[in-house]
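Chemist: Since the structure of chain Y is provided, determine the placement of chain W on it from the hints.
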Amino acid sequence: MLKLDKVGKTYRIGAFGGQELRAVHDVSFQVNPGEVVSLIGESGSGKSTIGKMVLRLLPPSAGAITLDGTPEADYYRHVQGVFQDPFSSYNPIFKADRVFEMVRQGFGLPSQDWREKVEAALRSVRLDPGAVLGKYPHQLSGGQLQRMLIARALLLELKVLVADEIISMLDASTRIDVLNLLGELRERGLGILFITHDLSLGNYVSDRTVVLYKGRMVETGRTDRVFGDPRHPYTRRLLASVPQLHRKWSEEEEQPEPEAECLFHAPGEGWVEPDHFVGCAFGGEQDECPRAAEAVVIPLR
Amino acid sequence: MTLKVDDLRVYYRTLRGEVKALDGVSFTLADGEIMGLAGESGCGKSTLGKSLIRLDQRMKHVGGSVELDGQVLPIADDRRMNAHRFFEVSLIPQYSMSALNPTRKIGRMIEELLRSRGAPFDRKELERRLHLVGLSTDVLDRYPIELSGGMKQRTVMVISTLLDPSLLIADEVTSALDVSSQRAVAQTLLEFRDRHLVKSMIVVTHDLSLVYQIADTIMVMYAGKLAEKAPAKTIVNAPRHPYTQALINSLPEVGVRYSERRLQGIPGSPPSLLNPPKGCRFRDRCPLAFDKCETEPPFTEIAQGHSVACWKAI
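So the sequence lines, in the order shown, correspond to chains Y and W.
Using my numbering, read the first sequence as starting at 1 and increasing by one per residue.
Using my numbering, read the second sequence as starting at 302 and increasing by one per residue.
So that you can see chain W by itself, here it is in the shape it has in the complex:
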């Protein structure tokens, strides 16, 4: 088992109080598993991704633990995390376009980066990896401004995985790209796993149909809590949580037309996380809500590898 997250709570400090962006999240990630992490904006999916690698100034680790390969990650301790970052946990950030230093040629930037981390610079290996993602080695002698968005994204992907981390977090890596580059980038992520460059991966995205293409399992979050985790096929074909069902039903696909079948959105909006309501947080928008929903449903395994937090599903 690569990653074990147990009752993780991370709050944001704001002037008006604490925003409970991650409020008791527990899950495991197996070796070689690609997990898609989906949900609406503000559900805590990016916070979860970030907590595993770096808590910024505003984020406070309130409780829970993270274990990677049997070793506890000191996520609250910025300095001690340095030994793990990039070596064991690595991140492909949301805006790779601006993640590269504009004043350095790519090759020199990578060299400096590795030196600062005390890791050896192996140009042969670097070139091999660039070829793997379909970039030519000329990239190393260019400035970031000379590359297209898709090329920058792939360059960052190569850099992030250079030290063969156990866990890779890909945060919305495809949302700024065109459909055709999206496909190439998504398939590169798969390739990384298949060639054992990374052991397992969390792909944070709001695009369920894209993550379905590459993920083994999909975890859906709602308002700082887990709603459902299951194999990708199950989430798409037989979701049990009403929120997942509504989310899947609101996705237009090629072939569905307004004039023939009208899709429906989810009425209402997610609750504020400053003072989240007691009980099930989806209750106000849920078509199936009943009395019992006033107590919080546990995140329970209802079938092999399929967990749901809903009283109706248990």
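Same shape as in the complex, but just chain Y:
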């Protein structure tokens, strides 16, 4: 089980690192085995920063990220990532299957039965080994490349897969296959952190959802609760802007802004149900909130 406990990240920016940018505040959630957790947010919400911290590509400035029952040295064997652009994840002058060999060398795995292991991993991501081995990256499609990267992660003793926008560059006809693949891996007991800006994709594949706004968790819980009964005004507005087939924006009734007082101020008091948390987008700091006494209205850019 991967656990994030009050994780924060502060970047130093500006000419001499004189300014601070708090990209992530106080984020806590966990990814259980056999569970897909989607991390949803717009650009600048800190979702990729969280992904990088989970992969240990960045150290958190506050809090801790732990994987239960594994020694620190083995962390990378259990937590692996796949990123957005499959074409830039490969070196174009080498054959694509070189990525497997590099895993073997990098982690010092035995070369015995290696080819069988690679083929088994490829088959488990529904690729035909004969069709992809020995090819250059430009000879393969984006979906195939992306699935090869997932296969690479499976060669290790993978427990948690961080999938950062892995299908946003794929075509509609292939992206659903990669999504279904995540579902299959989940059934095999893998925990998946699915990072996306696309709410419909997050909703399709995940068991639990974390919605981020400016680095803070505004709503989290079981996906059907968060999408079926969104409580935070930001989640509601985000859901309303998603384009949907069969329903036009122009045909929607104008939904009145919720006028109830803001329920979400005190940190830690936002549990509306046992597994549905709604947080304040401003971390409960009254003076930061533009309309502290009223409903939180978060400006959409």
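Treat each hint with caution, since some may be false.
Said to hold, decoys possible - If we take Cβ atoms under 10 angstroms as the criterion, some of the chain W residues that face chain Y in the derived model are: (1) Gly340; (2) Asp508; (3) Asn538.
Claimed, not checked - Using 30 angstroms as the maximum straight-line C-alpha spacing, the simulated DSBU-like pairs for lysine-lysine come out as follows: (4) Y:Lys135 <-> Y:Lys95; (5) Y:Lys248 <-> W:Lys579; (6) W:Lys593 <-> W:Lys613; (7) Y:Lys117 <-> Y:Lys95; (8) W:Lys305 <-> W:Lys613; (9) Y:Lys95 <-> Y:Lys52; (10) Y:Lys52 <-> Y:Lys6; (11) Y:Lys135 <-> W:Lys579; (12) W:Lys305 <-> Y:Lys248.
No wet-lab data here; the hints were simulated from the structure.
Please read these numbers as outputs of a predicted model, since none were measured by experiment.
C-beta atoms are modelled at their ideal positions from N, C-alpha and C, and glycine is treated no differently.
Modeler: Same frame as chain Y, now just chain W:
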């Protein structure tokens, strides 16, 4: 009728031969029509958009004609097209983020642009249009780097439509934006049409659910050919071409869950356009393919405003 494209063929010259990216495309666009142009990458949708405004070095006009407002567009002649570009046909490029000159303030850049085209610079009108897309006039005194992605996109939209073109081509204008700015940008496109700033529009996109929100008609392309064109509602609710059906069925929507209903992708991949197969190009991936598909199906109108290129639908 604003635009009439007749049997347009545009090939890319490569070392290995000609890539037939646009291979016999005919359609019309009515006054005030917003047409969504959808398809997978490599289907020729961006090539079609580009051919109507500028063929680059690698593109070769092989055949067919384009008529705009009853006037033939000399699309193969780069120089003669200058008289039409920006005045009658205009483009919002795919990467608006990098379409602005980083060394000029926006206002000065627009002024220079208009001067170079010999068009008058009307600051009042420019300010009015900026307000229309929800930007303040301060934008004119800023450098592109000072604007967010959505703001740059909207600035480019204002510039592209400044001379009230008849035809506007919007190439993947929303794909780099967040959901909330996507909605604002899409609605701005609608606004342009409703205020008659542009007569008709082609919105090139891979996102069917977004284009469904604003388009009157949707045209689906596959491997350099037209697959289906119909009113947006028909494409989404009752598509006739098997490719359109598969495409619609593979879209996850809010409300569809993996655990409840498993969506399916389309097996296989589009054919190479260097030597495209004879007959229907979707044949190899099509669940309904039969003998007749070895001859090419014509793009036929099967109902008012609904054309399909499939033997099963005719």
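Chemist: Now tell me if each hint is right for this structure.
Modeler: Each hint, compared with the structure:
Interface restraint check for Gly340 of chain W: the shortest CB-CB distance to chain Y comes to about 9 angstroms, inside 10 angstroms, so the restraint holds. The beta carbon of Asp508 of chain W is positioned within 10 angstroms of a beta carbon in chain Y (closest approach about 7 angstroms), and the interface hint is therefore held. The interface hint given for Asn538 of chain W holds, since its Cβ lies 7 angstroms from the closest Cβ of chain Y, which is under the 10 angstroms cut-off. At most 30 angstroms may separate the alpha-carbon atoms for a hinted pair to count; Lys135 of chain Y and Lys95 of chain Y meet this at roughly 6 angstroms.
With a C-alpha separation of about 39 angstroms, the suggested pair Lys248 of chain Y and Lys579 of chain W falls outside the 30 angstroms cut-off, and the hint is violated. Note on Lys593 of chain W and Lys613 of chain W: the hinted pairing holds, with a Cα-Cα distance of about 9 angstroms set against a maximum of 30 angstroms. Distance restraint check for Lys117 of chain Y and Lys95 of chain Y: the Cα-Cα separation of roughly 18 angstroms lies within the 30 angstroms cut-off, and the hinted pair is therefore satisfied. For the hint pairing Lys305 of chain W with Lys613 of chain W, the CA-to-CA distance comes to about 27 angstroms; that is within 30 angstroms, so the pair holds.
Among the hinted pairs, Lys95 of chain Y with Lys52 of chain Y is consistent with the structure: their alpha-carbon atoms are about 27 angstroms apart, no more than 30 angstroms. The straight-line distance between the Cα atoms of Lys52 of chain Y and Lys6 of chain Y is roughly 16 angstroms, inside the 30 angstroms bound, and the hint therefore holds. A C-alpha spacing of about 27 angstroms is found between Lys135 of chain Y and Lys579 of chain W, which places the hinted pair at or below 30 angstroms, so the restraint holds. Proximity of Lys305 of chain W to Lys248 of chain Y is assessed by CA-CA distance (about 29 angstroms); at most 30 angstroms being required, the pair is judged to hold.
In this structure, only the earlier hint numbered 5 is contradicted, and the remaining ones agree with it.
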